[in-house]
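K.L.:
Each chain is listed here by its residues.
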Amino acid sequence: MKKLFYSIALSVLVAAGSSCKKVDNYAAPNVTLKGTVTDAGTGKSLQTEQGSGTRIKLLEISWSSNPTPFYISSFQDGTYQNTKLFAGKNVISAEGAFVPLVQVDDAGKTIVDKSQTVDVKDVTTVNFSVEPFLRIEWVGDPVLNADGTITTSFKVTRGTADPNFQQNVSDVAVFVNSNNYVGNNNYDNRYTPKLSGNDANNSVGKTLSLTTLGGALPGKRSYFIRVGARVSYGLNYYNYTDVKEVKVP
Amino acid sequence: MKKFPYIILTFLLCWTTACKKLDTLPPSIISDQDVFSSAAGVTAYMARMYSELPIEDFRYSPERGLNMFWIISPTSATTGEALSRDQNGSMQENTGLSTWSDCYRTIRDANYFSENIGKYAGNFTNDQVNNWLGEARFIRAATYFALVKRYGGVPLVDKVLKYPEQSIEELKIPRNSEEKIYDFIGTDLDYAYANLPETNQVGRANKYVAAGFKSRAMLYAGTVAKYNQISLVDGSGNRLCGIPVAKAVTYFKAAYDAAALLDGKYSLYKKAWAAGDKNAQYLNYVNMFFDASSPENIFVRQYHYPESVHGYDAYNVPRQLMGANGYSSEVNPTLDFVELFDGFPKNADGTIKTTTGGKYDLYTNTMDIFANAEPRLRATVVLPGDVMKGVSIEIRRGIYTGSSVGGINPLLPAGSTAHYPTDNIVQSANASQTPYKLPNGTTMNPAGLSGYFTGDGTNSVSGFSIRKYIVPDKPTSEVLENRSDQTWIELRYAEVLLNRAEAAVELNSLGQSDKSYLQDAFTQINAIRERGGADLLTGTANLTIDVVRKERKKELGFENKQYWDMRRWRVADKEQNSTIYRTLMPFYSANDGKYFFDARLDERNSRYTFDVRWYYEQIPQDEIQKSQNLIQNPGY
Numbered sequence: 001m002k003k004l005f006y007s008i009a010l011s012v013l014v015a016a017g018s019s020c021k022k023v024d025n026y027a028a029p030n031v032t033l034k035g036t037v038t039d040a041g042t043g044k045s046l047q048t049e050q051g052s053g054t055r056i057k058l059l060e061i062s063w064s065s066n067p068t069p070f071y072i073s074s075f076q077d078g079t080y081q082n083t084k085l086f087a088g089k090n091v092i093s094a095e096g097a098f099v100p101l102v103q104v105d106d107a108g109k110t111i112v113d114k115s116q117t118v119d120v121k122d123v124t125t126v127n128f129s130v131e132p133f134l135r136i137e138w139v140g141d142p143v144l145n146a147d148g149t150i151t152t153s154f155k156v157t158r159g160t161a162d163p164n165f166q167q168n169v170s171d172v173a174v175f176v177n178s179n180n181y182v183g184n185n186n187y188d189n190r191y192t193p194k195l196s197g198n199d200a201n202n203s204v205g206k207t208l209s210l211t212t213l214g215g216a217l218p219g220k221r222s223y224f225i226r227v228g229a230r231v232s233y234g235l236n237y238y239n240y241t242d243v244k245e246v247k248v249p
Numbered sequence: 250m251k252k253f254p255y256i257i258l259t260f261l262l263c264w265t266t267a268c269k270k271l272d273t274l275p276p277s278i279i280s281d282q283d284v285f286s287s288a289a290g291v292t293a294y295m296a297r298m299y300s301e302l303p304i305e306d307f308r309y310s311p312e313r314g315l316n317m318f319w320i321i322s323p324t325s326a327t328t329g330e331a332l333s334r335d336q337n338g339s340m341q342e343n344t345g346l347s348t349w350s351d352c353y354r355t356i357r358d359a360n361y362f363s364e365n366i367g368k369y370a371g372n373f374t375n376d377q378v379n380n381w382l383g384e385a386r387f388i389r390a391a392t393y394f395a396l397v398k399r400y401g402g403v404p405l406v407d408k409v410l411k412y413p414e415q416s417i418e419e420l421k422i423p424r425n426s427e428e429k430i431y432d433f434i435g436t437d438l439d440y441a442y443a444n445l446p447e448t449n450q451v452g453r454a455n456k457y458v459a460a461g462f463k464s465r466a467m468l469y470a471g472t473v474a475k476y477n478q479i480s481l482v483d484g485s486g487n488r489l490c491g492i493p494v495a496k497a498v499t500y501f502k503a504a505y506d507a508a509a510l511l512d513g514k515y516s517l518y519k520k521a522w523a524a525g526d527k528n529a530q531y532l533n534y535v536n537m538f539f540d541a542s543s544p545e546n547i548f549v550r551q552y553h554y555p556e557s558v559h560g561y562d563a564y565n566v567p568r569q570l571m572g573a574n575g576y577s578s579e580v581n582p583t584l585d586f587v588e589l590f591d592g593f594p595k596n597a598d599g600t601i602k603t604t605t606g607g608k609y610d611l612y613t614n615t616m617d618i619f620a621n622a623e624p625r626l627r628a629t630v631v632l633p634g635d636v637m638k639g640v641s642i643e644i645r646r647g648i649y650t651g652s653s654v655g656g657i658n659p660l661l662p663a664g665s666t667a668h669y670p671t672d673n674i675v676q677s678a679n680a681s682q683t684p685y686k687l688p689n690g691t692t693m694n695p696a697g698l699s700g701y702f703t704g705d706g707t708n709s710v711s712g713f714s715i716r717k718y719i720v721p722d723k724p725t726s727e728v729l730e731n732r733s734d735q736t737w738i739e740l741r742y743a744e745v746l747l748n749r750a751e752a753a754v755e756l757n758s759l760g761q762s763d764k765s766y767l768q769d770a771f772t773q774i775n776a777i778r779e780r781g782g783a784d785l786l787t788g789t790a791n792l793t794i795d796v797v798r799k800e801r802k803k804e805l806g807f808e809n810k811q812y813w814d815m816r817r818w819r820v821a822d823k824e825q826n827s828t829i830y831r832t833l834m835p836f837y838s839a840n841d842g843k844y845f846f847d848a849r850l851d852e853r854n855s856r857y858t859f860d861v862r863w864y865y866e867q868i869p870q871d872e873i874q875k876s877q878n879l880i881q882n883p884g885y
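Same order as they appear, the protein sequences are chains A and B.
Numbering (my numbering) for the first sequence: 1 to 249.
Numbering (my numbering) for the second sequence: 250 to 885.
For reference, chain A alone in the conformation it holds in the complex:
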């Protein structure tokens, strides 16, 4: 009887041990996808904000013709990178403050499709060249005034000739923040001057100067400044300049 018990126990152990063999035979994701979204007019990367700015949309069609989209958020400077993807065939496009790469008319027909079908493997680079809604240029550097405020000069122009994407400019702002992550997602509204309504819309094509609000800025620190403007289209994405630092002694 004892012998029988031991042999059953042993066979259970052997069965349990043998089931531990690994069956997960799929390699961990190790493919890198990266690239830049650039302004077709200037050739520079298109500035954006993290979180609710530019993002890259991946539709992996290796397995299904109707996949759930996967998104990669871009960095503030318009570049993006993901180093933990699976290899596969993807239809890739981008969304953000520019003329949509994929456009659907009211009847649901796709009328424009500039997405790219790419075999993503190893290290793949996919760049996009887009027409921003608005293009914002610095006119000189921000100036620290004698009264402790900062005046910023800039010019907003249309980035696209397509009249369907020339909606009214709803907001123009000189965003001010205490670190270089600055934009509509992250700014200090005590200092940030803004234009909206007609003031914003009439600003197109003119050189504007806006001065920080709230009097003299507290000293002994740096301020990070960035101009943003947006049109009333879709999710009201902002277009931006790059970030400039102003040191207040």
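It should be emphasised that the hints constitute simulated quantities derived from the structure, not laboratory data.
The beta carbon of each residue, even a glycine, is placed where N, CA and C say it ideally should be.
Check the hints yourself; a few may be wrong.
What the hints assert, rightly or not - Residues from chain B that face chain A, not an exhaustive set, calculated with beta carbons under 7 angstroms:
#1 Ala296
#2 Gln478
#3 Gly884
As the list claims (entries may be wrong) - Over the 12 angstroms line for every Cβ pair with chain A, so calculated as not near, a few chain B residues:
#4 Ala289
#5 Arg313
#6 Phe318
#7 Gly367
#8 Pro413
#9 Arg488
#10 Leu589
Said to hold, decoys possible - Below 25 angstroms or equal to it, Euclidean Cα-Cα: the simulated BS3-like pairs (lysine-lysine) are:
#11 A/Lys34 <-> A/Lys3
#12 A/Lys89 <-> B/Lys875
#13 A/Lys194 <-> B/Lys823
#14 B/Lys429 <-> B/Lys408
#15 B/Lys421 <-> A/Lys57
#16 A/Lys206 <-> A/Lys194
#17 A/Lys247 <-> A/Lys155
#18 B/Lys764 <-> B/Lys527
#19 B/Lys411 <-> B/Lys429
#20 B/Lys802 <-> A/Lys109
#21 B/Lys799 <-> B/Lys602
#22 B/Lys595 <-> B/Lys802
#23 B/Lys527 <-> A/Lys109
#24 B/Lys408 <-> B/Lys602
#25 B/Lys602 <-> A/Lys109
#26 A/Lys114 <-> A/Lys57
#27 B/Lys411 <-> A/Lys155
#28 A/Lys109 <-> A/Lys34
#29 A/Lys57 <-> B/Lys875
#30 B/Lys408 <-> B/Lys595
#31 B/Lys875 <-> B/Lys411
#32 B/Lys496 <-> B/Lys764
#33 B/Lys764 <-> B/Lys799
#34 A/Lys89 <-> A/Lys44
Using the hints provided, position chain B relative to the given structure of chain A.
P.N.:
The following block gives chain B in isolation, referenced to the frame of chain A:
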């Protein structure tokens, strides 16, 4: 061998008993027959559907969803109506909630009822059956409305889906257009209006409830058509997000006409109201929320201790009336909300006036500045020093000990979010305070009994507390979680009048002149203002849409309506863009023996930013995994 026939007989007898049908339902399961064949069964079925009805009542917060007792992240603290220590920003509804699937379950219940009650019609009169069918349609419409205001177009399911008779592919129903869903809601509510009785049990729909809900839903549709910028079109041309601008007039007219159906059927609550008597108007407004026979109540959800309860009082009473659970003051109205009202000193820009010539104004009591406040404000908000449950609610930020010769200068520069300087101010970190000795020899606690405490935040963080819906005579021993059972008024006549006025002003601005819309809006707004004791409009010239919206914010504040109003007006991203709300901090000046007020930005520095994406909430990922034909809303 004579036994043999008996044995055969016995054997055969055994067989006959075996003929009893085995195919019977377990007696523990309630069948359709049990429920649908008696009026009591139908009432029970209805009771469940009503309890599932997705309305944002005492048991709702965006953080924790519908029908959840724990409301310490109050809705009003996401909209700027209030500040709360546990909700410090704007938010879309928590995406982990099951609102989507819960709504479809209720829709299925309603569809199931509609499809099956006919089989038992012989047990009832025609009227009974029609009334119930109307009720089921009302519930379905109200549930679709809860979906469309969150997600835009959703899958339209108007019959019971059957699995496995229908294939999985067939059941992956794609989203319909937002416009179609609103039209469907309109049709269902028209059907309900035609079939429901004039009156019904309290808490159940009658035909005017259907009409009132229609005025609400169509108004939402009209404003989305007029103000929405977001578009999402699927491969078959259904516009899942957004409604064509051209439809705005149709929807506003539908809202206006539906609201007019309630004319003469309900009225504003004025039982204790008296012209020119501010105190009577205040009491009248407070009582309105507790009078079961109020002619203003159209659709309510009742609670009853101990079987159906909520905790509104326990979470929201001022700190000094705190109950044994240790909760209090979760809802603290902002100064921005208070400034919407009339009856206290104001600057030219509409903000409260607390200084003259750069020096603080002094008051003997904190209530003096609000001596002539609009009665509706007092009935909605506990002002510092006002009485609740027989005690004065003491709200004091601290004691100013500096010199007051020549007046007191503002403690902080305008627009500052810094803490107050501590050199001339004594303050308290929490409720165990060290009394301060005043120059006249008496002592005083630095902070009021209801705050402000600099340390733990369990106090009035805005300088105000909430009065609306707090039971005025509830003993502190009963101020407990799950111990409150006041009725939630989901739809009251004031809202219908506001719906009507808003639709009218919008129609007027869209160039419609088939009725004297502006004059009608003027009448409705003034009726509401008169009841609330506010300054009346003097003419239609200044009656803009902003006036109507402001009136709506004031009248329906803290009733969980503004959360949706800010969205459908598409103003949330403008109102909440790195916004810090304002507070009013009363100080006691030791040398004057008087109070002064400092209006400032929230000292806790809570910034509110509304993401444009949230106008259409994120469809839960697990729903998309179940049904891959669902297209996610833009930006998620």
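K.L.:
Now tell me if each hint is right for this structure.
P.N.:
Status of each hint after checking the structure:
1. Ala296: 39 angstroms, violated
2. Gln478: 5 angstroms, holds
3. Gly884: Hint holds; B/Gly884 Cβ to chain A Cβ min 5 angstroms, cut 7 angstroms.
4. Ala289: Per Cβ check, B/Ala289 is outside 12 angstroms of chain A; nearest 47 angstroms; holds.
5. Arg313: Nearest chain A Cβ is 24 angstroms from B/Arg313, so the label holds.
6. Phe318: 33 angstroms, holds
7. Gly367: 38 angstroms, holds
8. Pro413: 23 angstroms, holds
9. Arg488: Given that some Cβ of chain A is not farther than 12 angstroms from that of B/Arg488, nearest at about 7 angstroms, it is violated.
10. Leu589: 21 angstroms, holds
11. A/Lys34 <-> A/Lys3: Distance of about 64 angstroms is beyond 25 angstroms: violated.
12. A/Lys89 <-> B/Lys875: Within the cut-off at roughly 23 angstroms; holds.
13. A/Lys194 <-> B/Lys823: Between A/Lys194 and B/Lys823 the Cα gap is close to 12 angstroms, so the pair holds against 25 angstroms.
14. B/Lys429 <-> B/Lys408: 16 angstroms, holds
15. B/Lys421 <-> A/Lys57: 24 angstroms, holds
16. A/Lys206 <-> A/Lys194: Roughly 16 angstroms separates the two Cα atoms, so the pair holds.
17. A/Lys247 <-> A/Lys155: Distance ~23 angstroms between A/Lys247 and A/Lys155 Cα, so the pair holds.
18. B/Lys764 <-> B/Lys527: 35 angstroms, violated
19. B/Lys411 <-> B/Lys429: 23 angstroms, holds
20. B/Lys802 <-> A/Lys109: 41 angstroms, violated
21. B/Lys799 <-> B/Lys602: 20 angstroms, holds
22. B/Lys595 <-> B/Lys802: 19 angstroms, holds
23. B/Lys527 <-> A/Lys109: 62 angstroms, violated
24. B/Lys408 <-> B/Lys602: 59 angstroms, violated
25. B/Lys602 <-> A/Lys109: Distance ~58 angstroms between B/Lys602 and A/Lys109 Cα, so the pair is violated.
26. A/Lys114 <-> A/Lys57: Status holds; Cα separation ~12 angstroms.
27. B/Lys411 <-> A/Lys155: Distance ~61 angstroms between B/Lys411 and A/Lys155 Cα, so the pair is violated.
28. A/Lys109 <-> A/Lys34: 30 angstroms, violated
29. A/Lys57 <-> B/Lys875: Roughly 21 angstroms between the alpha carbons, so the hint for A/Lys57 and B/Lys875 holds.
30. B/Lys408 <-> B/Lys595: Violated - the C-alpha atoms of B/Lys595 and B/Lys408 are around 57 angstroms apart, more than 25 angstroms.
31. B/Lys875 <-> B/Lys411: 16 angstroms, holds
32. B/Lys496 <-> B/Lys764: Within the cut-off at roughly 19 angstroms; holds.
33. B/Lys764 <-> B/Lys799: At roughly 24 angstroms apart (the allowed maximum being 25 angstroms), B/Lys799 and B/Lys764 satisfy the hint.
34. A/Lys89 <-> A/Lys44: 28 angstroms, violated
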